[in-house]
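Number of protein chains: 2
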Amino acid sequence: MEERTLATVRSLIAARDWNELRSAITRLPLPDIAEMLADAGKADRALIYRTLPTELAADVAAYLDPDELHSLIQDLREPEARHLLSNLSPDDRTYFLGELPGQVTQRLLNLLGHEDLKEARGLLGYSEQSVGRMMTPDYIAVRPSWTVEQVLAHIRRRGSDSETISTLYVTDDGWKLLGVLDLRRVLLAEPAATVTEVMAHRAVRVEASDDREHALAVMQRHDLHALPVVDSHGVLLGIVTSDDMLDVAQTEATEDFHRTAAVSPIAGRYTEAGVKQLVAKRLGWLLGLILVNLMSSGVIAVFEETLSATIALVFFMPLLIDSGGNIGSQAATMMIRGIVTGDLRLSQWARTLAKEAVVGGALGLAMGAAAGLLGLYRGGYALALVVGLSMALLAVTANLVGAILPFVFTRIRVDPAVASSPLITTVADTLGLLIYFTVARYILG
Amino acid sequence: MEERTLATVRSLIAARDWNELRSAITRLPLPDIAEMLADAGKADRALIYRTLPTELAADVAAYLDPDELHSLIQDLREPEARHLLSNLSPDDRTYFLGELPGQVTQRLLNLLGHEDLKEARGLLGYSEQSVGRMMTPDYIAVRPSWTVEQVLAHIRRRGSDSETISTLYVTDDGWKLLGVLDLRRVLLAEPAATVTEVMAHRAVRVEASDDREHALAVMQRHDLHALPVVDSHGVLLGIVTSDDMLDVAQTEATEDFHRTAAVSPIAGRYTEAGVKQLVAKRLGWLLGLILVNLMSSGVIAVFEETLSATIALVFFMPLLIDSGGNIGSQAATMMIRGIVTGDLRLSQWARTLAKEAVVGGALGLAMGAAAGLLGLYRGGYALALVVGLSMALLAVTANLVGAILPFVFTRIRVDPAVASSPLITTVADTLGLLIYFTVARYILG
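These protein sequence lines are chains W and E, in that order. Each number in the numbering used here corresponds to the 1-based position in the first sequence with 1 added. Each number in the numbering used here corresponds to the 1-based position in the second sequence with 1 added.
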């Protein structure tokens, strides 16, 4: 059914039949309407938006990307833009305003009423990676002395604006967080019971200045739908909800993916990034890695004589270089992910390295045997011994380097993902050549 | 305060003072109690568990890893084990039972009562990556004809078992999902209003056989806290909640991280994986990549003459090999992540490749210039030209290969993350050497 509605709406837009569209479009889920707004030409966007019922319009707009939303607002008349902005939920509004250039943000802030303006200014004041930046002040707070009946009446008054009503927050008169109240318990309790009697006198919480990754970890650890955010005195400032956290988890994972491939994190999505931004995020790392690579050339220079004497050694250079890089990348990626997800703690470094030494040894035996066979085929026993032994030694070494670097970076408070596959590969190369030529010189004389 | 309690509890365990422990331990958050159980020696684990109030025990156990929980259950007496298992929530129980060896699962299933057993068997029947495997049948369903008053009475009866009460599910007598009902609307409505009047006559849903990654995408797109799961006839089977989805997002990201480093996904966490498993997940890829690497040796063999004539060419082999791999890995990782998160659709391949051609060109200019300078320093103008030109051509080529492979894999229904950095690096090497030696032969003669 939905597929059919989608097709109908598309054809109505194509036919620019705004009246029919008005009744058809509201049968679609909000994200689909938003996608249609985003895909529509600049000329039609404001027209389609105006067909939406007033109470739905801001909800739909909340699903647009900041750029798309901004472009829509530019096409609206001032009262319409004012209405849209004031009806966005505070967390969505902060995200939107925070992604725009400073000047644009200022101009849009001027469209807000006094209360909303104060709130938006406050939220935008938190640093971009902090919990404060993504919290919403739309929660329901109750007082410990209230009765269950009063709580229910309060929910009826305030509930429609709140991001969640499954959990209510109990504060004292100074808004200090005292505990939480599960709505379930309210519904199950006697009307005359007080909040103190049914609340949980403790609440897992985070501070507004905390990193949002910390909030994510706390939410996961405690399996929470919503997490209260307090200031340093324990005063309740807002809440963050698990659906927003899903976005955080996704964004943080993307940043880590990019970092492990030596790409500086891109703000926003790949499809929205321009060529200039993409080049800027990649070139620095690539040029830096060229410098690291000079070590490899240095090793070759030192062993030039060995190399000229046995040109067959050159054949196995790519094999050794690549295998070392691959083994190191595998180890590094597993460490990085373990550290980021909290599975591996810094204190476990010794135990982990011991484990990886054994793993590297096993990989080295198998890889050495395989490389030795190739060497035998290409150049006889001596070369087989050189290539096989080098590969085995390299496997152990590269594996340890890949395993240790993420711990080292974490220790010196650098993101462990900086131990990217390209960096590990480049470092492992130098090691590989060093081992290879040393073994060759020793065995081949 | 919590820190102090934690220290107290630890010292009480050390002193084996179970009576004092009983009153102190309940002041801790559940995940902390679980961690303490996990960290305790095998001898103490059951004893600590027995200090927990009955109504809390299963909730704490739900935070344990499957292995830890299994070891605890083995130490309990049969009635205790039976009580624990029946009081786990169905989704937690399915996860636990699904992670154990088949025989153990069977033995534990025998501890369940008839109803729980039927439910557990049903849930375990879904494939491991499916939504069915992680859903819970603990939701609240209401009928369209009920009044708001009846709904509230129903919640009071059933609410304490339900995973969420913020959303109620409206079904017909055959349990077919008709729509959803926001608890907010129930609380705000007149007691005599019927469900039909206040419900949303539409519900975003997934099928039990759908992949859990699909459910994750749907939940993110619609910003939902809970998502109903139906069978192919639209009959409501259960729900999945966003806190469980956070775990899915984390697990899926970890699997992708491992794949992009050419490590087959490890079931469970790194710290729990044994050496044998770690080697098994890595060695196959490494040996396979050795085979791919034979192409590089082949290229060197073909150009042996060129190489012997100008041994200086060897110096820049690691530089070209590495840079090509790095550029290709960057591009591939960005494509993979874009495809996985839904930012990049398969249909956008042409536009994306065009964009990456430009990016590769820009990177090629900069990298070519840098490499050319190194060539000049090392061997004069001719070598500078060879190295610089090769690097520029390689940058464009490797970038396109890295960008196109994830699309190709997706097209042939292989996980795009199989276009791992090691694979791209190894393929880019062969290309790099081919370009390098061809350019060298042409320019140096």
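Take these hints with a grain of salt, some might be off.
It does not matter which identical chain is meant; a pair holds if it fits inside one copy or across any two.
To be verified - Computed cross-link-like contacts, EDC-like style, restricted to lysine to aspartate or glutamate with a CA-CA straight-line distance of at most 20 Å:
#1 Lys282 to Asp344
#2 Lys43 to Asp248
#3 Lys356 to Glu36
#4 Lys282 to Glu100
If you are wondering where the hints come from, they were derived from the structure by calculation, not from laboratory data.
Now for the hints, and whether the structure bears them out:
{"no.": "1", "hint": "Lys282 to Asp344", "verdict": "between (29 Å within a copy, 19 Å between copies)"}
{"no.": "2", "hint": "Lys43 to Asp248", "verdict": "neither (28 Å within a copy, 39 Å between copies)"}
{"no.": "3", "hint": "Lys356 to Glu36", "verdict": "neither (49 Å within a copy, 23 Å between copies)"}
{"no.": "4", "hint": "Lys282 to Glu100", "verdict": "within (18 Å within a copy, 41 Å between copies)"}
Hint compliance for this structure: hints 2 and 3 are broken, all remaining hints hold.
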